Each structure stands twice: as structure tokens, then as C-alpha cells.
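**Student:** Sequence:
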Amino acid sequence: MRSLVGWDSDPAVAAWPGLPPLAGDATADACVVGLGGSGLAAVEAFADADLSVIGVDAGRVGAGAAGRNGGFLLGGGAPAFHEAVRRWGEDLAIVLYRATLAELDRLADDLGPDVRRAGSIRLAGLPGGDEDRSAESADCARQEQAMRAAGLAVERYAGPLGEGLFFPADAQVNPARRIVRTAERLAGRARLHERTTVRAVRAGSVVTDAGEVSAGLVVVAVDGRLELLLPQLADLVRTARLQMLSTAPVPTGRLPCPVYARWGYDYAQQDAAGRVYVGAGRDRFVDAEWTPDTEPTEAVQRYAEEVAARMAGQPVDVAARWAASVGFTEDGRALCLPVDDGVIACGGYSGTGNLVGPVAARVAVAWLLDGTGPPAYFRSDPT
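If you use our numbering, the sequence shown corresponds to residues 6 to 388, in order.
Just so you know, nobody snuck in bad clues.
Computed beta-carbon distance windows for the label pairs:
no.	residue 1	residue 2	range
1	R194	D110	14 to 22 Å
2	L9	T377	40 to 48 Å
3	D137	D96	30 to 38 Å
Hints listed in this document are in silico derivations from the structure and should not be mistaken for laboratory results.
Nothing here was measured: the structure is a model prediction, and the numbers come from that model.
The C-beta atom is built at its ideal place from N, Cα and C for all residues, glycine as well.
Make a model of the complete structure from these sequences and hints.
**Tutor:** Here is the structure:
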């Protein structure tokens, strides 16, 4: 099955001239491995501290999960807010939620109209059909109650898509455009290199296929396949494949903002041209999707087509299909932990890295610079 990434047709992404690979050994105060949303946030944080920075990525910026995800900019972490309260306590759940919204504000300031602050919708079940939605409806009610008690913005949703919750503070973006524009903005403040594969990370050194970077401070900002790069994290994070497709344009208006359903396993957004971007079905093929492979599969894509038609409210024509690797943790907490002297790894965002990832990366930089340890909503203990 041929893989094309629908987001990459955006003019800013299609015109991206690329960054040079690392050309031999180099030295800097800090090195960042991975140039997705979290890695670029780490680059920025180091540069803001007036440190010299080298950033490397194995492919094009945004060619991994950072530029291949659903483009949802949602408050909070992987667990729904009420579940985060149950797992971590209300105080930590609120702090993370507000930290992600602050990151969203920062992103909107940097990217302007590329960030569309239209909110998001959680549906109890997919649009249409006669499935039993009672369990998810009850869960939506619990989430609403917990968020209202915490003073977080939430509204009931009832409309052509079904019933659920509306979160007015959320937003959407073309994720590939976001990464390319961010890399453009930071390229004058750091030495950034694409097509530079990292072979080993250790205290004071990042070894690549093009040379060795000597740096006293290192942030590894890799989500999917993190345990392949750092095998010592294999008990904490596991790579999964998330599959998506995009459609030819259909009439706009039915999807006014990012929409997710069926406990978040199925999700969609529509761009201004009418194209619908859909991710779906990992839970239905769960054994096959625990893999570092990034090729789309017929079974998941067939189900995603059904989801696309139900989200769009009409038959759709598929324009592109793709997949990406992301990291999952057992309890939904992202990782932000030391793996060697002066080396901190971030990842395991459990499918919600667009805002959690940069928050984790900024925490990692602060930890390296001034010893400020991370909040307990991040996993910071390798044991």
C-alpha cells in the first residue's frame, strides 16, 4: 500500500528546502536529538539560555509522528481529565492541563493563524449508527463534572455529530506545517541538521552516522522508537503505530473543530479546503499495531475509511494514507527522566504529544540547567 502524508501537500511543507546533514564532528553547549515539536522546544529553551545548540534528526523535520499526527492541540495529557485526577490527584492534573494550555498560547503567538482556536469535541461514540453509547456517555458526564469542579472550560455538545463534550480552549493545526515553520524560526539561533541518524547517546556525546557531537547537556526528544535508541527504557515505553488517511475535499461545516470519538481511538479534523484527516482503529487491531513499522495496513485503513465517511456524513474518496510511530507508557505519564550524566530523555506521550511534548522538553532543559526536577505527572524515575 503506497504511503503518502496528506499534511505534506501544504505549500510551506512542500517548499521546505531542507537542512544540511551534520558534516563531521562538532561541539556545542547542548545537543538535542529529534527535531519534532518537543525537540524544537528544547532547542528554543537552550537558545533562550544563551547556550550554543546543535539539533539533529534522522529524517526531515516533522517527518516522524510530530508531522504525521492528527493535528489536535488539546489541553491535558493522555488520560481524560477525570481519569488524570484519579491517577495523579487533582492538583497535578490541573497543573498539567494549565501547562499545556500555556504551551498552546505560546504556539499561537509564534504561528498566528496557522493555529485555529476552534475548540474540540469529544463524542460518545461515532456519528451515526446504532451502537450502545451509554458507557461513554456516562464517562463524558464524569469528565464534565470533574472539569467544572476544577474551573476548566467545558460545555455539553449536542449536534449533527451526536452528543458529548465541547472544550472551547483547544485548537488545531497542520502538524507538518507547524514543525517546518518552527524550524525556520529557530534555524538562525541553532545549528539544525536533518538526515543525521543517531547511533549512540552517552554522557557528553551524541554519536551519529556523520560525526560525533560533543555537548555537556543532551536532551533526547524522541517519542516513537525511543526504546530502540535507548534500550534501557524498554520497560517504560512501547512503540505503537498510529494510522491516518486524508480525503478529497467534501463540504465544510460538519466538522467545525477537531473531533474525537470512541474513547479517543477515532479522530478527525477538516481543513479550510474541505479535506478530512482521520486517524482510527488502533484498538481494533491492537496486537498488530504494537510495532515500529510505519507502513499503513489494509485492515486499519479499511476501518479508517468507514470512520471518515461517518465523520464526513457522506461517502469519501481517499487521497493519502500514512502511519507514524509513537510511544505509549503504562499509566499515560510522559517520560522526562535522566538516562546518563547530563542526558535527559523525553517521550512516551501516549498519542498526545503536540503540547505535552514541548512541556516535557522545557522541563528537561530546566532540570539540566538549574536542577528543577519535573512534576509528578511526568515519569522521572527510571526504576
